[in-house]
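Novice: Single-letter residue listing:
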Amino acid sequence: MILWRRELALAWAGGGGPLLACGFFLCLTAMVPLAAGGDPAGLRPVAGGIAWVALAVASILSLERLFERDFEDGALDLIALGPVPLELVVIAKAKAQWMAVGWPLALTAPVAAITLGLPPALAPLAGLAALIGGLGFALTGALGAALALGSKRGGLLIAVVVLPLFIPPVVFGAGVLERAANGLSPLPALAFLAAYVLFAGVVTPFAGAAAIRNAQG
Amino acid sequence: MISISGLSLSRGERVLFRDLSLTLASGEAVALTGANGAGKTSLLRAVAGFIRPDAGNISFADVEADEARAKHIHWLGHLDGLKGARPARDELAFQAEWLGAGHDGIAAAIDVLALEPLLDLEVRKLSAGQRRRLAFARLIAVQRPIWLLDEPLSPLDARWREALGVLMQAHLDRGGAILAAVHDPLPVAARALDIGGGR
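Residue numbers (the numbering used here), protein chains in the order written: chain A, 511 to 727; chain B, 12 to 210.
With the rest of the complex left out, here is chain A (with noise of 0.2 angstroms):
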């Protein structure tokens, strides 16, 4: 609790990261229907597809924040040292992500989806998949985040390690929006994308925290 306070609070700190994400997220969608022509029926097919990978990259925005700072200025050492095993840390990591940076994504997101076109009725199903798959982002983010850690270009490395491993949560998450689009249930893929969030989120803390342990020694 006491890290997970601190990590919304750094998250938050010194101009408002969470923000600009959601900017960047807003940006990125309003781009593409202007890109594309201004054809709203045109875009429509594709519009749950680019609104999740536009989630995607937004999300990775500050990964690098999440461990690299405390490695750089030794309070990664301080963390080891606690009564709180490193899996729990990583895990209370990746939650923080989640609550500073998926949150506001999700709340983004039903602006995003009607931006690219899709029915207005959507917009909470959009809001509420992006909520699911976010704590997807943030739990496989964390771990790309620490397999980075001490190397140099470390963002770029994050992004190249997780976008591959974002790619089910994408699939899931835009299959979500196509489903609800053409009339189907949208529950085989929130429970394909809740079964991500569930692998991830059992993977994540062990992966992480011997990762951790790498960077230190």
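Keep in mind the hints are simulated off the structure, nothing from the lab. We put the beta carbon where it would ideally sit given N, CA and C, even for glycine. Be a bit skeptical, because a hint or two may be false.
Derived list of chain A stretches under chain B, where covered just means 3 residues or more per stretch with a C-beta under 8 angstroms from a C-beta of chain B [to be verified]:
| # | stretch |
| --- | --- |
| 1 | 516-523 |
| 2 | 577-591 |
Here are the simulated lysine-lysine pairs, DSS-like style, with alpha carbons at most 30 angstroms apart [unchecked claim]:
| # | chain 1 | residue 1 | chain 2 | residue 2 |
| --- | --- | --- | --- | --- |
| 3 | B | K136 | A | K662 |
| 4 | A | K605 | B | K82 |
| 5 | A | K605 | A | K662 |
Since the structure of chain A is already known, use the hints to place chain B on it.
Specialist: Below, chain B without anything else, positioned relative to chain A:
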């Protein structure tokens, strides 16, 4: 309190030292000396569990290594872990509470280290000596018997070196132990261990 036997440590291809043995008893301080790059900090990091040694054993009296690292060790490296953009009060609260300190412990540390006038300042606005006092506060706020210190006094003026010497002596008198990497002498009676000349 700490028993090190046959320890060998290398960083990359470079061997820092081989077959190092050391025991650190309750109430004792050991000052690690040696040239830059000799491996003083690496030895401290190995004891803290951050570095896996090539060979040898590090054990703690009465407790498993994991438990010792989670509950018995204070680490004060030359990187203090403080966030420059945050108020000193928040950073002290986080560092101390993370290690298990209560409000009374934090208040005592603030008092002993005369931190009150600094608490509302952002950490980046503190001098190096003030930052060191702020980082040292967690050692006072929560009692842990083993202090691993890397150049603990280097940014401090004479007055605060003396004051921290008093705090270190009080820690030793309570049965604690100190293992410190130093270039300047510790302000408490300490056994010196020269671990080599570096390469």
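Novice: All hints are to be evaluated individually against the structure, with a verdict given for each.
Specialist: We went through each hint and held it up to the structure:
1. 516-523: holds (count 4)
2. 577-591: holds (count 12)
3. B:K136 - A:K662: holds (28 angstroms)
4. A:K605 - B:K82: Roughly 25 angstroms between the alpha carbons, so the hint for K605 of chain A and K82 of chain B holds.
5. A:K605 - A:K662: holds (26 angstroms)
Hint compliance for this structure: every hint is met.
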